[in-house]
Amino acid sequence: MILAATLAWQVGLAVCVPLLVRRFGRDAGYPLAAGYLVAAALLLTRLPVILDDREVTVAWRWLPGLAVHAALRMDALGLVFALLALGVGALIMAYCPRYLDGSEAEQERVYVTMTLFAAAMLGLVLADDLLVLFVFWELTSILSFVLIGQGGRPAATGPAVQALLVTVAGGLALLTAIVLLAVHLGTTSLDTIVAEPERLSGVPAWVVGTLIIVAAFTKSAQLPFHFWLPGAMVAITPVSAYLHAATMVKAGIYLLMRFSAVFGGSWAWNGTLIAVGLLTAILGALLALRQYDLKALLAYSTVSQLGLLVGVIGVGTPDADAAAILYTVAHALFKATLFMLVGIIDHQAGSRDVRELAGLHRVMPATVWLTALAAMSMAGLPPTIGFVGKEAIFEALGGAYGGGWLGWCAAGLGVLASVLTFAYAARLVHGMVEGPTRQRQLREPSWAFLAPAAVAAVAATVLGPTVAVLSPLVERAADDARPEGTPPYLAFWHGFTPALGLSVLTVLLGVLMFLGRVRVDRWLRSVPTIPPFAELFERARQALLHAGSFVARTAHAPGPAPYLARPLLATVALATVAAVTLTDVPAGLGDGDPARPGDWLLLGMLVTALAGLLVARSALAAIGLTGVVGLLLSAWFLTVGAPDVALTLMLVEVLTAVVVMLALRQQPPRLAPVGRRRPVVGAALLAAATGVAAAAGTAVLTGRDQVSGPGRWYLDRAEALTGGANVVNTILVDFRALDTLGEAVVLAVVALGLVRLAAGRPVEPASTGTAGDDLVLGLAYRVLAPVMLLASAVLFLRGHEETGGGFIGALLAGTAVGLGQLAHPGGAPLLSRLRSAPLVAAGLLTATVAALVPLAAGRSLLAPLALNTPDPLPSLSTSLLFDLGIYLMVLALVVAAVRRLGVPPNQPTDLPTDLPTDLPTGQPTGQPETGGAR
Amino acid sequence: MSAAFVVGVLVAAGVFLLLRPGLLRVVLGFVLLGHAVNVVLLAAGGLARRTAALEEVGPDTADPLPQAFVLTAIVISFGITIHLLGLLRRGAGGPAADPTGGDADADSEGDGGEGGHGTGRRR
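Residue numbers (full-length UniProt numbering), protein chains in the order written: chain A, 1 to 934; chain B, 1 to 123.
Some hints could be false.
Distance ranges between label pairs, derived from CB positions [unchecked claim]:
| no. | chain 1 | residue 1 | chain 2 | residue 2 | range |
| --- | --- | --- | --- | --- | --- |
| 1 | B | I80 | A | A41 | 25 to 31 Å |
| 2 | B | I80 | A | W600 | 58 to 64 Å |
| 3 | B | I80 | A | A547 | 30 to 36 Å |
What the simulated footprint calls covered on chain A by chain B, stretch by stretch (three residues with Cβ under 8 Å from a Cβ of chain B suffice, anywhere in the stretch; the number is not a length) [stated by the list, open to error]:
| no. | stretch |
| --- | --- |
| 4 | 326 to 332 |
| 5 | 619 to 626 |
| 6 | 713 to 725 |
Partial list, computed: chain A residues near chain B (C-beta under 8 Å) [said to hold, decoys possible]:
| no. | residue |
| --- | --- |
| 7 | L139 |
| 8 | L564 |
| 9 | G612 |
| 10 | L631 |
| 11 | V652 |
| 12 | V654 |
| 13 | V659 |
| 14 | V660 |
| 15 | M661 |
| 16 | L686 |
| 17 | T690 |
| 18 | S708 |
| 19 | L757 |
| 20 | E802 |
Treat the hints as calculated values from the structure; they're not laboratory data.
Glycine is no exception: its CB is placed at the ideal position from the N, C-alpha and C atoms.
Make the full structure from the sequences, and use the hints.
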């Protein structure tokens, strides 16, 4: 349970961010950091259990049909990664307040996304089911995309898309692997799969192994997918430090460690990891050496260090696993520190170019010496944790393939990568301390800015001599990764071992390389650039987009008619096929529709109205005739025993007419010319064919003899169960309330969509006088509006018993609003105060409360709950409250329609052609109008 | 049989309007098609029983289930009509500010879709 609670806590923190930002401004990072630490403490309460070689689990049924459980499980390996995510996260959160200087909305975005990311990372490393893992895996990719994209800044979009495409492609590989595992093993439980590796063999094992490797390599930026990581450096520094150095890129490492228990014995798995990992390590380090931009240097360095980790995991011994886990921790500490410090330098000096920072130690000594401390860790110098980690790595690499000559080769490559690492670390520090100070005006940052980096730098140093503290947890974690053999006890000093010799060799060669840096630099420049993967990738992407638009070209047509003709033709074709092949009419259908004389009368009027509509040339006539059609249909609905439907349709027709009139006011009253003869004939033929198909289908396939089963059930039981006599209304608000809620939400979305569509148009006309008022309509409004509102309330309240309800009541009230707008374009008295956005919010809230109250009372969601009321009052239930929510949302739609569409176009709008010349040009064009409040 | 005829003429008229130039006609055609679907829904429940399901339930009581469907369907299609009108008004903001003038609006819409492919990265 503690796992779910921690995850929920982290998500809750993200939800609280807006409040925190409102209260503390950018200092919201401090309470958030505390929150991260609380989450870490929650997990640490289970440390004794974990060290006792037990695990913490929690599971719910999620997709029982697929045997998928929403399962979380924490063992030592998961705990290490979780603590990393939360611990480094806390440091970064404490770093953000002094770093962020954007707008409040910007800060809110960063804090929310980072906190959600921490939750996703937590879920990823604690997931016990592979599908759950996949969901969190993708979440980290998406959140990383959002953070790199910086809210859509143009320069950041390209790299953000690139990073997303690469990591999501890897995510797809992971999903495919999961599906294959589920098919072959019948389970997606990570625990089960890892516990019985022998169940997976042969071709599936190869395919799954390859896919897992691809997924991990994309996430952890290994060759040839490494290019997205340097690109991702356009993100702000806290993001780079947290996601792209300390945590997200470690997800691939985590995945490889988890699956090394399954594939670890195979030479192909081991060989791939060692070869690609060490190659990436060397290449990344070479590229890092070429950089002058400190952030780019750190990015390539991250690629390189991740490569080293992948290589070590490939060795596949308990020693190697322990080394990898220890070095993961070490890397997270020193790399996050370095990023934070480079961010500080960038912030203070306005440059990250190492050539601009000469002599920085004289003006910002603390910053520079902390950088040096972290760089020592990166270079693997004692007494830092980096030294211990690198020792362990050398020892593990030497043991590859049983410690033969292949092992020595691997160790040699590891030394080479480390020598290069030493060289660029030295260069990083040297650039800041050499020569005369270039920027004398610089000042040390405030201690609050420096503190998080200082904490991490000191931790990375102190944890070297005291590495034994970590030993129990790392041992356990290595055992979790691969339960074979005993992992070594970690110690600072192992005596004079071959690994120590390699460390000394690394330092010696590194110093030599640093001394000969001029020559090394010249040589590096002369080496041809490594194939530009990023560019190839970009070209492939563009080619794909071009191919896409080429394929889509056939679907582009100059007007709506050609688009719409296709599905219509398909409908006719389908009907033809059905007419030929369908021989038996489904059972239960008979002459369920005996026509009555009144029907034919209505039909005759309908045909007349439609014929008029088709030939109408004036927009006004067309709209009027459409209204007539609607009214005739509502009459028809009344005759077939559907008074609620009839009333709703009638009101909708009136309202539609009002809204269309408002929308088209002072537009040309003529419809577009009908056009040339041939298209008309074609349209008429298609229309006739579709009409015949629809009529035939209706005649053959509808008309039940008996009331449907559910209908019968409702008729028999509705009143007894709900206390409402109007069965249709009880279906809407009691039985199928969830449907109704969904539909009302659609209306709410349309209302908000209108608000967005009309963004930039003034909500209310500039003239507040009564210039545009219509005297006759005004009088009608004054007399009718109160009556309509009263009737609306009555219809709403009696809905459960008789014809009426939320939909109908709201439509009637909306008609009053529309009448008001017609009569007083400048703002009708009273009703012009209604605003759609607050109405939507109120309606949604009311309906949700009505849905949840029964839940609190132990009933199911949306179950009607009768409230005890004193005798003279009518009985009340939560379904009335729910209906009120519907009422408010429907009213919101009408208000939005009337307000947004009803602004006369000759009032100041953003239409350039309509702008009177004497108006000031500073109209509020293009300003997003999020609420109705103005 | 009357329902089938109603559906037939509504669909035919609606389709004809959809295929004509001018966005206002498209909106009205859509309204007619919405009516047609509502009639089909109600007809599916059978039209032999025509007493409202309000007080006494008898053998002539109509099936309330299709009515509930139709009722929400009407309101939803009202919402969509409003949305279409909003788009129509929006389209009127272009150089060819005649919303019933037809093809100009559709053109700009088509270009927007294609441009979206090409400029997706730069945006």
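Status of the hints after comparison with the structure:
Between I80 of chain B and A41 of chain A the beta carbon distance is about 52 Å. The supplied range of 25 to 31 Å is therefore violated. Look at I80 of chain B against W600 of chain A: about 31 Å separates their beta carbons, and that is not inside 58 to 64 Å. Evaluation of the 30 to 36 Å hint for I80 of chain B and A547 of chain A yields a pass: the beta carbon distance comes to about 34 Å. Restraint check on the stretch 326 to 332 of chain A versus chain B: 0 residues with Cβ-Cβ distances below 8 Å, three needed, restraint violated.
Residue count for the stretch 619 to 626 of chain A with a Cβ under 8 Å from a Cβ of chain B: 4. That meets the three needed, and the coverage hint holds. For the stretch 713 to 725 of chain A, the stated coverage by chain B holds: 5 residues have a C-beta nearer than 8 Å to a C-beta of that chain, and at least 3 were required. The interface hint given for L139 of chain A is broken, as the beta carbon of that residue sits about 23 Å from the closest beta carbon of chain B, more than 8 Å. This hint holds: L564 of chain A has a C-beta 5 Å from the nearest C-beta of chain B, less than the 8 Å allowed.
For G612 of chain A, the suggested interface contact is broken, since its CB lies about 10 Å from the closest CB of chain B, more than 8 Å. For L631 of chain A, the suggested interface contact is broken, since its CB lies about 11 Å from the closest CB of chain B, more than 8 Å. Contact between V652 of chain A and chain B, as hinted, is supported at the beta carbon level, the nearest pair being about 5 Å apart and thus within 8 Å. For V654 of chain A, the interface hint is violated, the least distance from its beta-carbon to any beta-carbon of chain B being 11 Å, above 8 Å.
The beta carbon of V659 of chain A comes within 6 Å of a beta carbon in chain B, closer than 8 Å, and the hint placing it at the interface holds. Proximity of V660 of chain A to chain B holds as hinted, the smallest CB-CB distance being about 6 Å (cut-off 8 Å). Annotation: interface hint on M661 of chain A violated; nearest CB of chain B at approximately 11 Å, more than 8 Å. Here the hint on L686 of chain A is kept, as its CB sits about 6 Å from the closest CB of chain B, short of 8 Å.
Proximity of T690 of chain A to chain B holds as hinted, the smallest CB-CB distance being about 5 Å (cut-off 8 Å). With a cut of 8 Å, the hint placing S708 of chain A at the interface with chain B holds, because the nearest CB-to-CB distance is about 6 Å. The beta carbon of L757 of chain A is positioned within 8 Å of a beta carbon in chain B (closest approach about 4 Å), and the interface hint is therefore held. Contact between E802 of chain A and chain B, as hinted, is supported at the beta carbon level, the nearest pair being about 6 Å apart and thus within 8 Å.
Against the hints set out earlier in the document, violations occur for numbers 1, 2, 4, 7, 9, 10, 12 and 15.
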